[in-house]
Amino acid sequence: MAQPNNGVSSAVTHTQPLWLLAEVTYRCPMHCAFCYNPTDYDKHTQNELTTEQWIQALRDARKLGAIQLGISGGEPLLRDDIEDIVIEAKKLGYYSNLITSGVGLTEQRIQALKDGGLDHIQLSMHDITEDINNFITNTKTFQLKQKVAAMIKSHGYPMVLNVVIHRYNIGHMKEILEMAEALGADYIELANTQYYGWSLINRSQLMPTKEQVDEAEAITNTFRANPNNKMKIFFVVPDYYSDRPKKCMNGWGEVFMIVTANGDVLPCHSARSLPNMKFPNVRDSDLGWSWKESPAFTKYRGTSWMKEPCSSCSEKENDLGGCRCQAFLLTGDAEAADPVCSKSPHRHLIDKAIEDARNPVFSEQPIVFRNDKNSKRVIAGELNDRLDEFHSLP
Amino acid sequence: MDNKIEHADVYTLAHHHRFQWEEAQQNYVILFPEGMVKLHGGAGEVLKRLDGKATVGDVVADLKATFPDADDIESDIIGMFELAVSKGWLRKI
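In the order they appear, the protein sequences are chains A and B.
Residue numbers are given in numbering that gives the first Met the number 0: position 98 of the first sequence equals residue 97, and the series is strictly consecutive.
Residue numbers are given in numbering that gives the first Met the number 0: position 87 of the second sequence equals residue 86, and the series is strictly consecutive.
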């Protein structure tokens, strides 16, 4: 079954960028506490690629074999050229997906997107309650999302809902699934929060307990087992509660490529958090070279970069050592084993994070919402204390 | 779900699924929200014959005529239909 993080069947592992994620803007009307976007995104809001540059990137990626296209952000609909991008995507043979909060999706735009050949829309939902939806996103968007869900359905699109799971909504799993079913959803992604970007800053505020995660998974399995429920469920596992790391992105530079708002070409969403890396940019680098040969894409491809305990591990092909960004963010060493792994000498950092999330002193600290003001504070170094306090960074 | 494949049945792609040739991969694929299936040669030959009118029997007959040297392809074709229906890639019309 496909994983939401890579969007392609796990059977397909040859090195073509089958999945292209176009993060067309970092501007966003939502301020979600769990956003994985870079906390310094404010640096990248003034130099977005033009429509022509996006179209060229789409053409170049298609030649390399990209076929699933995600148009994401930020909120992609803040750009007024999504319709043009969709028309080109259709012409090129992509299966295209608009990943949206729903803000800015009008009848007129959804019709234009449909006419242009957009294949599906993935709508983010947050909870069954207006209070929690509005709290975690720091917006008043609950009613709007219900309306947009109906609009997506009425235009004959498959309904794909994405719900990021955290402490505030994990207790409503059954109700969330029932809501999705009632809205006529065809697919729902229950994406347990992964801790990068804003969600890392807010980790102690967002992380559910092991008991909550187990219960949520049990409810999901019961729902799946009921033959009357036709909706397909993707459950993104919360890796902190596993003893083996995730095979992040299905491998570095294996099937997934991101082009960011300013044109950087990345193998994963948070790769720019790694030190001493220079990522290619579509403005001045050939996309084929970027994917196949650039130092950034070859650096962690395969297993040859590994050191112990990964390099001699019998399971190294299963998970490729886990996530490079998580290894760096938590241990300070991008080549360390992902600390989620019980064989990692840093596993205690994960256990400490789990403990911190139960500590009321930490967990009751205010959430740092994703917004321009807080991003400027991050750039100015004002939130370093917060990271030092909450996380066991070196 | 009853997945018994009958010769008189007509199948087509499930809603929101797309079937196309991928030049870069040199094979056919089925695309759908959040996923893709790469089809080996035989499966691609079956899928491309589903025009909304051809019955399973028509597909079998056409493939037998196209590949006269292949042994017992009928059971392979039926197996392919069973798999595709159970995975939700095809629907009966």
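In case anyone wonders, no lab produced these hints; they're calculated from the structure.
Keep in mind that the hints are not guaranteed to be accurate.
The calculated DSS-like cross-link candidates involving lysine-lysine, where the alpha carbons are at most 27 Å apart (straight line), are [what the hints assert, rightly or not]:
#	chain 1	residue 1	chain 2	residue 2
1	A	90	B	3
2	A	375	A	342
3	A	246	A	146
4	B	63	A	229
5	A	229	B	91
6	B	86	B	47
7	A	231	B	63
Results of checking the hints against the structure:
no.	hint	result
1	A:90 to B:3	violated, 38 Å
2	A:375 to A:342	violated, 38 Å
3	A:246 to A:146	violated, 36 Å
4	B:63 to A:229	violated, 36 Å
5	A:229 to B:91	holds, 17 Å
6	B:86 to B:47	holds, 18 Å
7	A:231 to B:63	violated, 36 Å
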